[in-house]
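Undergrad: In case you want the letters, here they are:
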Amino acid sequence: MATFLILQQILKTGIVSEPAPEANPALRTREQALHADILKVFGQAVAIRHVDTGSCNGCELEIHALSGPHYNIEGMGVKFVASPRHADLLLVTGPVTRNMEIALKRAFEAVPEPKWVVAMGDCGCTGGMFGENYATCGKVSSVIPVDVEVPGCPPTPVALLQGILAAVSGGRQAGVG
Amino acid sequence: MPKHLDDIALTPQTEGGFVWRSRLEPGRLPAFARTIQDEGGQLLALWGSDDRHLGRNFTVHVAFLSSVGLIWTTSELDGEQPAYPDLAHIFPQADRMQRAAFDLLGIRALDAVDNRAWLRHSAWTEDEFPLRKDFPAHAARRSPRPETEPYPFIRVEGEGVHEIAVGPIHAATIEPGHFRFSVIGDRILRLEERLGYTHKGTEKCFEGLDLATGAKLAGRVSGDSHTAFAWAYCMAVETATACSVPERATWLRALFLEMERVANHLGDLGFLGNDVALTFGFVQFWRLKEDWMRMSARLFGHRYLFDMILPGGVATDIDARGKAELDALCERIAGEVQTLRHIYDEHTGLQDRFANTGIVAPDMAARLGLTGLAGRASSQAWDARVQFPCAPYDRLDVNMALQKSGDVLARAEVRFTEVFESLRLIRQLLERLPTGALRAPCTQAAGGCEGLGWVEGWRGPVIVAVRIGADGRLDRVHPHDPSWQNWPLVEVGVLGNIVPDFPLINKSFNLSYSGPDL
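From first to last, the protein sequence lines are chains A and B.
Using my numbering, you'd call the opening residue of the first sequence number 1 and step up by one each time.
Using my numbering, you'd call the opening residue of the second sequence number 1 and step up by one each time.
Since the hints were derived computationally from the structure, they do not count as laboratory data.
Please note: incorrect hints may appear among the correct ones.
Stated by the list, open to error - Stretches of chain B that chain A covers, calculated by requiring three or more beta carbons in the stretch to come under 8 Å of a beta carbon on chain A:
1. 3–10
2. 119–129
3. 173–187
4. 195–209
5. 220–228
6. 240–253
7. 449–462
Stated by the list, open to error - Under 7 Å between C-beta atoms, here's a sample of chain A residues computed to sit facing chain B:
8. Leu-7
9. His-50
10. Cys-56
11. His-70
12. Glu-74
13. Thr-97
14. Arg-98
15. Phe-130
16. Asn-133
17. Val-143
18. Val-146
This structure is a prediction, so every number in the text was calculated from the model and none was measured.
Glycine included, each C-beta is placed from N, C-alpha and C at the ideal position.
Given these sequences and hints, build the entire structure.
TA: If you want it as structure tokens, here you go:
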């Protein structure tokens with residue numbers, strides 16, 4: 001019974017992944033461009049390890065949204081992985097709290113070379129409303145080297161994807177760790 | 001009109017409202033707490049403040065939930081050795097709040113069983129207290145930073161017992177925290193949480209802000225509850241300054257709050273499917289959620305409705321066309337969720353994993369103060385929108401979702417019911433939206449003032465207490481996320497379950513780290 005209902009719903013839903021015929025054209029070309037570029041630069045795929053170092057969890061909502069069917073990131077070769085040792089890129093959200101400083105440094109060291117770091121959101125880029133205080137070190141680049149900063153509170157999924165692309169197409173980071 | 005509970009006088013914060021204030025000798029707190037408990041009430045929040053610059057001492061504040069509404073007690077402590085009697089032996093949920101109050105202010109709960117540091121890991125030393133007024137707001141980062149101080153977890157010993165340490169960085173895209181499991185085979189004997197990793201000095205950041213900027217920061221206490229916090233904060237500020245919010249603005253606030261509830265519930269229902277390997281459920285619910293987010297962005301300019309609520313009112317409006325669009329989307333989503341609910345109901349694999357997993361029985365929920373959505377899944381029949389409705393809920397007749405089995409299935413059921421109810425409420429709000437202004441001026445009374453806001457967010461009751469200084473700037477703000485009291489119940493819910501079910505159980509609560517870490 002459930003299988004029948006699921007198949008019925010899948011057929012009824014169709015494919016919502018963009019680009020779709022009636023979707024926002026600007027969105028559509030960007031996503032196509034991203035796809036082609038990632039393949040060109042990386043050959044196959046980019047594996048991302050996300051680290052929340054003190055986010056309000058707003059940025060996490062948009063990372064989750066990116067995993068939804070509209071964006072089809074795995075179809076583009078972008079994959080979130082469980083361990084920094086499996087990752088090419090660290091995606092860091094939040095100001096870096098002092099309680100997460102050591103964990104972030106260790107995660108960064110665990111990512112094999114070559115590697116990239118994307119700081120996501122106003123907090124990751126500048127420290128945001130929290131800035132630097134007794135409990136935070138402020139922006140991500142005050143703790144580890146950062147390749148790309150994606151501003152926004154939170155940045156939209158498309159802006160985030162563009163940031164990830166900017167990182168991987170901008171050349172590899174050498175000798176940092 | 002003042003009320004009395006035993007012989008304690010309660011003064012209404014506003015006439016006809018459900019928030020009451022009482023000044024109480026610290027020594028009388030335990031007896032008062034027992035009175036609240038005897039009538040079936042709960043402790044919702046406990047926090048402290050440094051009032052020495054006002055010619056007073058340190059103060060401990062408690063928010064109790066009772067049959068008359070929320071009772072906010074303030075108790076001034078002795079200047080030399082600021083301390084108050086332990087309340088955790090009456091309301092266990094006070095434990096971590098008391099430990100945090102010590103870490104931040106150096107006020108001690110006397111005779112408390114657990115005195116381990118909670119928010120203080122090693123970013124500051126045990127004789128420094130960041131929320132004291134003489135602690136510099138922008139203290140320079142001290143280097144070199146001390147290595148992580150060891151935390152004395154409670155060990156389970158015996159043949160075959162071993163520990164699994166998880167975090168602070170988790171395998172999935174979630175917030176950081178540490179979980180220490182003691183297991184035999186794959187059965188969980190004990191789970192101990194250690195949180196505080198996202199502590200970013202939020203309460204200190206509030207100090208000295210103007211009222212409008214404070215609303216932005218309040219909304220960033222826990223991003224998924226932005227509207228709940230921003231509204232509770234503004235409600236506190238408006239109460240303190242006796243600002244009368246235009247009717248249309250309160251209706252729009254309720255619209256945003258219900259939109260936030262729908263967004264989060266849709267996301268969670270998808271993740272719950274995902275956690276039992278029904279990827280179909282994830283894809284379907286996240287398709288609906290994305291449609292919802294895009295509608296929010298189109299109508300109001302922000303996918304998560306950030307910064308729409310300001311002191312005195314709201315920053316945005318909706319026109320007839322927007323109303324029609326949102327109404328149509330509500331109708332479509334209600335139909336689609338009905339279909340998906342039917343599939344979840346019929347899917348034996350999903351039902352097998354959801355039912356009898358992660359049980360918090362009603363008596364345990366009552367004893368430990370489980371609140372909000374998770375509380376309602378364990379027979380804790382509290383919903384401020386129903387029992388203590390602020391405007392416009394007093395004119396909406398909200399139906400409370402209630403389940404008693406306290407398992408993952410019950411928490412999913414509450415979400416389903418609340419999605420339908422919120423969609424119904426949104427359509428009501430759109431249909432009956434009053435005309436009028438969007439914002440009233442919020443000017444502060446001379447000499448400083450205080451207020452407390454209380455909103456039923458999607459996760460549970462969100463409370464924000466505010467004191468505005470004589471200069472019109474924020475002097476002390478305490479935002480309280482319901483995750484404070486619900487996290488300990490995750491430790492209870494996992495007992496006897498297998499480790500691989502932990503992600504499912506944890507997701508069924510979906511608690512905030514940033515909210516209580518502050």
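Undergrad: Does each hint hold? Answer for all of them.
TA: Each hint, compared with the structure:
Coverage of the region 3–10 of chain B by chain A is violated in this model, with 0 residues showing a Cβ closer than 8 Å to a Cβ of that chain against a need of three. For the region 119–129 of chain B, the stated coverage by chain A holds: 4 residues have a C-beta nearer than 8 Å to a C-beta of that chain, and at least 3 were required. With 4 residues carrying a beta carbon less than 8 Å from a beta carbon of chain A, the region 173–187 of chain B meets the three-residue requirement, and the given coverage holds. Counting residues of the region 195–209 of chain B whose C-beta lies closer than 8 Å to any C-beta of chain A gives 9; at least three are required, and the coverage claim holds.
Given a C-beta distance limit of less than 8 Å, the hint that chain A covers the region 220–228 of chain B holds, as 6 residues qualify and 3 suffice. Look at the region 240–253 of chain B against chain A: 0 of its residues bring a Cβ nearer than 8 Å to a Cβ of that chain, fewer than three, so the hint is violated. Counting residues of the region 449–462 of chain B whose C-beta lies closer than 8 Å to any C-beta of chain A gives 0; at least three are required, and the coverage claim is violated. With a least beta-carbon distance of about 10 Å to chain B, the hint placing Leu-7 (chain A) at the interface is violated under the 7 Å criterion.
For His-50 (chain A), the shortest C-beta to C-beta distance to chain B is roughly 5 Å, which falls under 7 Å, so the interface hint holds. With its C-beta approaching chain B no nearer than about 4 Å, Cys-56 (chain A) sits inside the 7 Å limit, and its interface hint holds. The interface hint given for His-70 (chain A) is met, as the beta carbon of that residue sits about 5 Å from the closest beta carbon of chain B, less than 7 Å. A least Cβ separation of about 11 Å between Glu-74 (chain A) and chain B goes past the 7 Å threshold, and the interface hint is therefore violated.
Because the beta carbon of Thr-97 (chain A) sits about 5 Å from the nearest beta carbon in chain B, less than 7 Å, this interface hint is met. Checking Arg-98 (chain A) against chain B: minimum C-beta separation of about 4 Å stays under 7 Å; hint holds. Interface restraint check: Phe-130 (chain A) against chain B, minimum CB-CB distance 5 Å, threshold 7 Å, status holds. Interface restraint check: Asn-133 (chain A) against chain B, minimum CB-CB distance 4 Å, threshold 7 Å, status holds.
Below 7 Å, beta-carbon pairs count as interface contacts, and Val-143 (chain A) has none with chain B, the closest being about 10 Å; its hint is therefore violated. For Val-146 (chain A), the shortest C-beta to C-beta distance to chain B is roughly 18 Å, which exceeds 7 Å, and the interface hint is violated.
Taken one by one, the earlier hints fail for this structure at numbers 1, 6, 7, 8, 12, 17, 18, listed in ascending order.
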